[in-house]
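Protein sequences appear in the order of chains A and B. The working numbering puts the first residue of the first sequence at 2, with every later residue one more than the last. The working numbering puts the first residue of the second sequence at 23, with every later residue one more than the last.
Because the hints were derived from the structure by calculation, they are not lab data. Among the hints, a few may not be true.
What the hints assert, rightly or not - Below, simulated BS3-like cross-link-like pairs (lysine-lysine); rule was C-alpha separation at most 25 angstroms, straight line: (1) A:Lys152 with B:Lys218; (2) A:Lys31 with B:Lys89; (3) B:Lys189 with A:Lys116; (4) A:Lys31 with B:Lys113; (5) B:Lys89 with B:Lys149; (6) B:Lys218 with B:Lys149; (7) A:Lys152 with B:Lys68; (8) A:Lys44 with B:Lys89; (9) B:Lys68 with B:Lys57; (10) B:Lys89 with B:Lys113; (11) B:Lys214 with A:Lys152; (12) B:Lys113 with B:Lys214; (13) A:Lys44 with A:Lys31; (14) B:Lys113 with B:Lys218; (15) B:Lys149 with B:Lys214; (16) B:Lys149 with A:Lys44; (17) A:Lys152 with B:Lys149; (18) B:Lys68 with A:Lys44; (19) B:Lys149 with B:Lys113.
What the hints assert, rightly or not - Over the 12 angstroms line for every Cβ pair with chain B, so calculated as not near, a few chain A residues: (20) Cys80; (21) Ser81; (22) Pro82; (23) Leu83; (24) Leu84; (25) Trp86; (26) Leu87; (27) Gly88; (28) His91; (29) Glu92; (30) Leu94; (31) Pro95.
Said to hold, decoys possible - Example chain A residues on the side facing chain B (calculated, C-beta under 7 angstroms, incomplete): (32) Ala16; (33) Ala43; (34) Ala120; (35) Arg153.
On a predicted model such as this, the values are computed, not experimentally measured, just so you know. Quick reminder that beta carbons are idealized off the backbone N, C-alpha and C, glycines included.
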Amino acid sequence: MNGAREVIELLSVWAIPALLVMIPLWASWKRIPVYEEFVEGAKEGFQTGVRIIPFLVAMLVAIGMFRASGAIDWITQACSPLLAWLGFPHELLPLSLMRPLSGGGSMAIFSDLVKTHGADSFLARAAGTIMGSTETTFYVVAVYFGAVGVKRTRHAIPAGLLADAAGIMAAIWICRWLFVSC
Amino acid sequence: MLNYIWLGMIVVAVVTAGARDAFVDGSPHIAAVTKAAVDSAETAVKLSIGLIGVMSLWLGMMRLAEKGGLVGLIAHAMRPVMSRLFPDVPKDHPAMGCMLMNMAANVLGLANAATPLGIKAMEELEKLNRTPGTATNAMCVFLAVNTSSIQLIPATAVAILSASGSKNPTAIIGAALVATTVSTFVGIVAVKLLEKLPCYRLPDPQQPENLGSTSSATNGETL
Chain A
2 MNGAREVIEL LSVWAIPALL VMIPLWASWK RIPVYEEFVE GAKEGFQTGV
52 RIIPFLVAML VAIGMFRASG AIDWITQACS PLLAWLGFPH ELLPLSLMRP
102 LSGGGSMAIF SDLVKTHGAD SFLARAAGTI MGSTETTFYV VAVYFGAVGV
152 KRTRHAIPAG LLADAAGIMA AIWICRWLFV SC
Chain B
23 MLNYIWLGMI VVAVVTAGAR DAFVDGSPHI AAVTKAAVDS AETAVKLSIG
73 LIGVMSLWLG MMRLAEKGGL VGLIAHAMRP VMSRLFPDVP KDHPAMGCML
123 MNMAANVLGL ANAATPLGIK AMEELEKLNR TPGTATNAMC VFLAVNTSSI
173 QLIPATAVAI LSASGSKNPT AIIGAALVAT TVSTFVGIVA VKLLEKLPCY
223 RLPDPQQPEN LGSTSSATNG ETL
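Isolated chain A, as found in the complex (with noise of 0.2 angstroms):
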């Protein structure tokens, strides 16, 4: 196991710097102008920015007036009898709402289960698998439909959160078999 971790870390370090430098060196290869070139696509680069933040706007101050109002813990409060009913860790429940709205908050609420509970505890596993297998969401619908002006986006929120939703069942069933049945 402790060979998959090098593997890893030397994949996270040196992706990055491999891609910056096979991707010139190979468009060089094929006798392109690079320096030219790269300025000419990167030019695109700001107008995007801009066009992004109206929209990015709207959505982190609706995302962070719901969050500072603390209607998540009021949320779990109220459905904690139906959780245990359904088999499903009312721990957990904060962390799954939290996800599609926020990297930042969620990833806080991970950490905070990990130190209450144990890096090697059942709920962090199962925490650390949902951070691993969601997406922000409406940060990304966000984003990607912001850069492109598309204002009405039809389905693609409900595809989204279905994904999201099949994602942390997904993690919690295949935690409890992997982690709790031993």
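The hints should help you fit chain B onto chain A, whose structure is shown.
Just chain B, lined up with the frame of chain A:
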């Protein structure tokens, strides 16, 4: 959909904070909500501006990969999968290559490369959009793949477990791989099924302007 969720979050936030202040405890939750609104607006701008740097870097790299034919090579290899996922996108359209580069960056967990490449892919998809302002089916499928997280190794979660003294932080990798496969599968199935529902049907492409003038001309003739 987004209209209601957005409104819902703001209303729930203010009502919950107000109710807590009035009935539960004296601590000023409503002040915290106000502060969060102002701070989040500032964060949003900082994030967007902060994105410009990495965005320019990866868009420059993407241009090199495109000009050198690297993107086309990858797109060609993955053509059977991509044309099934995105039937509305022409097989040789640059959007295919961009989407693949974004997915590759996501699989490797390169978040700061994935976002610029994803945005570039959206811009390419927008060129095929006949209903500006409204998401196309291809855009929604691409979003579903992105929001379901397809990263191979949950590096951040492993790092946090490891930093917190876990004896075996990599134990979650297998579990995360299964869970992420499930979420991606459900995301794709959901997006493909939901696009058929009447309430999510794509509106008719905007009528070209000359159409209106011809119809009024015909009216004039009949009169």
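Results of checking the hints against the structure:
1. Taking the CA atoms of A:Lys152 and B:Lys218, the gap is near 20 angstroms; set against the 25 angstroms cutoff, the hint holds.
2. Distance check on the hinted pair: A:Lys31 and B:Lys89 sit about 9 angstroms apart at the alpha-carbon level, within 25 angstroms; holds.
3. This hinted pair checks out: B:Lys189 and A:Lys116 have alpha carbons roughly 14 angstroms apart, not beyond 25 angstroms.
4. Distance check on the hinted pair: A:Lys31 and B:Lys113 sit about 24 angstroms apart at the alpha-carbon level, within 25 angstroms; holds.
5. At roughly 19 angstroms between alpha-carbon atoms, B:Lys89 and B:Lys149 fall within 25 angstroms of each other, so this suggested pair holds.
6. Among the hinted pairs, B:Lys218 with B:Lys149 is consistent with the structure: their alpha-carbon atoms are about 23 angstroms apart, no more than 25 angstroms.
7. The hinted pair formed by A:Lys152 and B:Lys68 meets the criterion: a straight-line CA distance of about 22 angstroms does not exceed 25 angstroms.
8. In summary, the hint linking A:Lys44 to B:Lys89 is supported, as the alpha carbons are separated by about 16 angstroms, within the 25 angstroms threshold.
9. Pair hint B:Lys68 plus B:Lys57 holds up; C-alpha atoms about 17 angstroms apart against a cutoff of 25 angstroms.
10. The straight-line distance between the Cα atoms of B:Lys89 and B:Lys113 is roughly 18 angstroms, inside the 25 angstroms bound, and the hint therefore holds.
11. Simply put, B:Lys214 and A:Lys152 have alpha-carbon atoms about 20 angstroms apart, close enough for the 25 angstroms limit, and the pair holds.
12. About 19 angstroms separates the Cα atoms of B:Lys113 and B:Lys214, which keeps this hinted pair within 25 angstroms; it holds.
13. The straight-line distance between the Cα atoms of A:Lys44 and A:Lys31 is roughly 22 angstroms, inside the 25 angstroms bound, and the hint therefore holds.
14. Taking the CA atoms of B:Lys113 and B:Lys218, the gap is about 23 angstroms. The hint holds against a cut of 25 angstroms.
15. Only pairs whose Cα atoms come within 25 angstroms are accepted, and B:Lys149 paired with B:Lys214 is accepted, the gap being roughly 21 angstroms.
16. About 19 angstroms separates the Cα atoms of B:Lys149 and A:Lys44, which keeps this hinted pair within 25 angstroms; it holds.
17. Of the pairs offered as hints, the one joining A:Lys152 and B:Lys149 holds, with about 16 angstroms between alpha carbons and a cut-off of 25 angstroms not exceeded.
18. Among the hinted pairs, B:Lys68 with A:Lys44 is consistent with the structure: their alpha-carbon atoms are about 20 angstroms apart, no more than 25 angstroms.
19. A hinted pair counts as satisfied when its Cα atoms are at most 25 angstroms apart, and B:Lys149 with B:Lys113 qualifies at roughly 15 angstroms.
20. At roughly 14 angstroms from the closest C-beta of chain B, the C-beta of A:Cys80 stays outside 12 angstroms, upholding its exclusion from the interface.
21. Taking the minimum C-beta to C-beta distance to chain B, about 17 angstroms, the non-interface status of A:Ser81 holds against the 12 angstroms cut.
22. Every C-beta of chain B lies more than 12 angstroms from that of A:Pro82, the closest at about 20 angstroms, which supports listing it as non-interface.
23. Look at A:Leu83: its CB is around 19 angstroms from the nearest CB on chain B, clear of 12 angstroms, so calling it non-interface holds up.
24. Against chain B, the non-interface label of A:Leu84 holds: every CB pair exceeds 12 angstroms, the least being about 19 angstroms.
25. No beta-carbon of chain B is positioned within 12 angstroms of the beta-carbon of A:Trp86; the least distance is around 23 angstroms.
26. The non-interface label for A:Leu87 is consistent with chain B: the shortest C-beta to C-beta separation is roughly 18 angstroms, beyond 12 angstroms.
27. No beta-carbon of chain B comes within 12 angstroms of the beta-carbon of A:Gly88; the shortest separation is about 17 angstroms.
28. With 12 angstroms as the threshold on Cβ separation, the claim that A:His91 sits away from chain B holds: the shortest Cβ distance comes to roughly 19 angstroms.
29. Every CB of chain B is more than 12 angstroms from the CB of A:Glu92 (nearest about 16 angstroms), matching its label as outside the interface.
30. Separation of A:Leu94 from chain B is adequate, the least Cβ-Cβ distance of about 16 angstroms exceeding the 12 angstroms criterion.
31. Here A:Pro95 stays apart from chain B, with its beta-carbon at least about 14 angstroms from theirs, past the 12 angstroms limit.
32. Look at A:Ala16: its Cβ gets to within about 5 angstroms of chain B, closer than 7 angstroms, so that hint holds up.
33. Here the hint on A:Ala43 is kept, as its CB sits about 4 angstroms from the closest CB of chain B, short of 7 angstroms.
34. Interface hint at A:Ala120: satisfied, since its Cβ lies 3 angstroms from the closest Cβ of chain B, which is below the 7 angstroms cut-off.
35. Look at A:Arg153: its Cβ gets to within about 4 angstroms of chain B, closer than 7 angstroms, so that hint holds up.
In the structure shown, no violation is registered for any of the earlier numbered hints.
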